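Q: Chain residues, written in single-letter form:
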Amino acid sequence: MPRPETDEEALARIGSGDEGAFAWFLERYRARVFQFVRWILEHDGWAEDVTQEIFLQVHRSAARFAGRSSGKTWLYGLALNVCRNHRRAEARSGAWGQAVPVEPEIEVADASLDPLERMERDERHALVRGAVAALPPPQRLVLHLRDWEELTYQEMADVLEVPLGTVRSRLHNARAALADELEDRMRR
Amino acid sequence: MDCETCAALINPAIDGELGPSRARQVREHVESCTACGRRWQRLSQARVAFASLPPEGPSPAFDQRVLARLETDASRRRRLLPAALAAAAVLAVIGLLSLDPRPENAPAPEGMPGPPVRDASATLGIDAGRAPLTASDCGRPSATSCQVLFSPCASAASCGPES
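Just so you know, the protein sequences line up as chains S and X, in that order.
Taking my numbering, the leading residue of the first sequence gets 1, the next gets one more, and so forth.
Taking my numbering, the leading residue of the second sequence gets 189, the next gets one more, and so forth.
Treat the hints with care, as some may be off.
[To be verified] Here are some, though not all, of the chain S residues that point toward chain X, as calculated from beta-carbon distances under 7 angstroms:
id, residue
1, W24
2, A31
3, R32
4, F34
5, Q35
6, W39
7, T51
8, S69
9, V128
10, L143
11, E155
12, L160
13, L171
14, R175
[Claimed, not checked] Examples of chain S residues toward chain X, derived with CB under 8 angstroms:
id, residue
15, L56
16, Q57
17, A179
[As the list claims (entries may be wrong)] Label-pair restraints from in silico Cβ distances:
id, chain 1, residue 1, chain 2, residue 2, range
18, X, R212, S, S16, 45 to 53 angstroms
19, S, S61, X, S220, 46 to 54 angstroms
20, S, S16, X, T222, 55 to 63 angstroms
21, S, S61, X, L284, 53 to 61 angstroms
22, S, P163, X, S240, 23 to 31 angstroms
23, S, W148, X, P208, 23 to 31 angstroms
24, S, E42, X, Q252, 24 to 32 angstroms
Hints were generated in silico from the structure; no laboratory data involved.
Here the structure is a predicted model, which is why all the values come from computation and not from measurement.
Glycine included, C-beta positions come from ideal geometry on N, C-alpha and C.
Start from the sequences, fold in the hints, and give me the full structure.
A: In structure tokens form, the structure reads like this:
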């Protein structure tokens, strides 16, 4: 079978049992969904288990994807629900914080960069990552959905289940706060 | 456009969420206003900084773990399927056995009680508490039919002969 060309096609094929389409979807979203989970949970130890649960649910529920939203919107809505359920379950069991941290995938060295450029790039990434980590989770989520996934404001409102105005103000605050953090860190 | 309005529209303009004329108004204001120009620059830089960040993926064994879980779930389903089918078959047999094979109004065999007389009023929408029905009410051609359908029929004797 040829590789799917869109998320919607992939989900339709996963729903009818195409494991190749699932592998494609997993490859495409693995890292970004993992990062999304980490923005929310703020605890690396659970992020991998929760991400795994999200993809298992994609596999189980893809047949119910009706195409009323984009595949990406559907995926992130599902991911957010799994994270919420996880937080509730952890709060009930009191097991919060007991998981063993996992080592995230190491960034593959870009052979097209010389060592100095690579070092500069890594430093820049570390600086931005530190600044993003200082933001509250809801602000990180809007940045993720807008600047990585390029969802429209309406799609973001659908995923986050908040009014459009909330998306606008949250995104404005997130970018302003990130700009402040970056300026602070560059001055140090 | 004033600065307050412009400030609220900078992000939607950066993200292409405004209509062409509104986007042009924002751009014109930003180009002529130093403070708003600076706001635009800061928000754009924050956007580019975040967008250029590569996501940190899960551990390299992640895919194998997901696929292994899928395989475990599938084999559990395969193992449980025969048991589920057997349970469904048992339930179906019990359901069939609990059905009375005789027609509802068939005469009972010698020495056995007859079938329970059904309250026809319930199925025909007749108020059981009202005055006894007469043959003219039921309009059936015979007393036998009348008694079966409208028991007790006060005028059963007046029903016409079996046609």
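Q: Each hint needs a verdict: does it hold in this structure or not?
A: To see whether the hints hold, each was checked on the structure:
At its closest, the beta carbon of W24 of chain S sits 12 angstroms from a beta carbon of chain X; the interface hint therefore is violated under the 7 angstroms criterion. At a threshold of 7 angstroms, the smallest CB-CB gap from A31 of chain S to chain X is about 3 angstroms, leaving the interface hint in force. Here the hint on R32 of chain S is kept, as its CB sits about 5 angstroms from the closest CB of chain X, short of 7 angstroms. For F34 of chain S, the shortest C-beta to C-beta distance to chain X is roughly 4 angstroms, which falls under 7 angstroms, so the interface hint holds.
Proximity of Q35 of chain S to chain X holds as hinted, the smallest CB-CB distance being about 4 angstroms (cut-off 7 angstroms). Checking W39 of chain S against chain X by beta carbon gives a least distance of about 10 angstroms; that is not within 7 angstroms, so the hint is violated. Because the closest C-beta pair between T51 of chain S and chain X is about 6 angstroms apart, less than 7 angstroms, the hint holds. With 7 angstroms as the threshold, the beta carbon of S69 of chain S stays out of range of chain X, its nearest partner Cβ sitting at about 18 angstroms, so the hint is violated.
Annotation: interface hint on V128 of chain S holds; nearest CB of chain X at approximately 5 angstroms, less than 7 angstroms. The beta carbon of L143 of chain S is positioned within 7 angstroms of a beta carbon in chain X (closest approach about 5 angstroms), and the interface hint is therefore held. The interface hint given for E155 of chain S is broken, as the beta carbon of that residue sits about 11 angstroms from the closest beta carbon of chain X, more than 7 angstroms. Because the smallest distance between the Cβ of L160 of chain S and any Cβ of chain X comes to about 16 angstroms, over 7 angstroms, the interface hint for this residue is violated.
Checking L171 of chain S against chain X by beta carbon gives a least distance of about 6 angstroms; that is within 7 angstroms, so the hint holds. About 4 angstroms separates the beta-carbon of R175 of chain S from the nearest beta-carbon of chain X, less than 7 angstroms, and the hint is met. Checking L56 of chain S against chain X: minimum C-beta separation of about 6 angstroms stays under 8 angstroms; hint holds. The closest approach between the C-beta of Q57 of chain S and any C-beta of chain X is roughly 11 angstroms, which is over the 8 angstroms cut-off, so the hint fails.
Interface hint at A179 of chain S: satisfied, since its Cβ lies 4 angstroms from the closest Cβ of chain X, which is below the 8 angstroms cut-off. At about 47 angstroms, the CB distance of R212 of chain X to S16 of chain S agrees with the hint of 45 to 53 angstroms. Our hint of 46 to 54 angstroms for S61 of chain S and S220 of chain X holds, since their Cβ atoms are close to 51 angstroms apart. About 58 angstroms separates the C-beta atoms of S16 of chain S and T222 of chain X, a value consistent with the hinted range of 55 to 63 angstroms.
Remark: the range hint 53 to 61 angstroms for S61 of chain S to L284 of chain X is contradicted by a beta-carbon distance near 36 angstroms. For the pair P163 of chain S and S240 of chain X, the beta carbons lie near 30 angstroms from each other, so the given range of 23 to 31 angstroms is met. Taking 23 to 31 angstroms as the suggested C-beta distance range, the pair W148 of chain S and P208 of chain X conforms, at roughly 26 angstroms. Between E42 of chain S and Q252 of chain X, the C-beta spacing of about 26 angstroms keeps the proposed range 24 to 32 angstroms intact.
Against the hints set out earlier in the document, violations occur for numbers 1, 6, 8, 11, 12, 16, 21.
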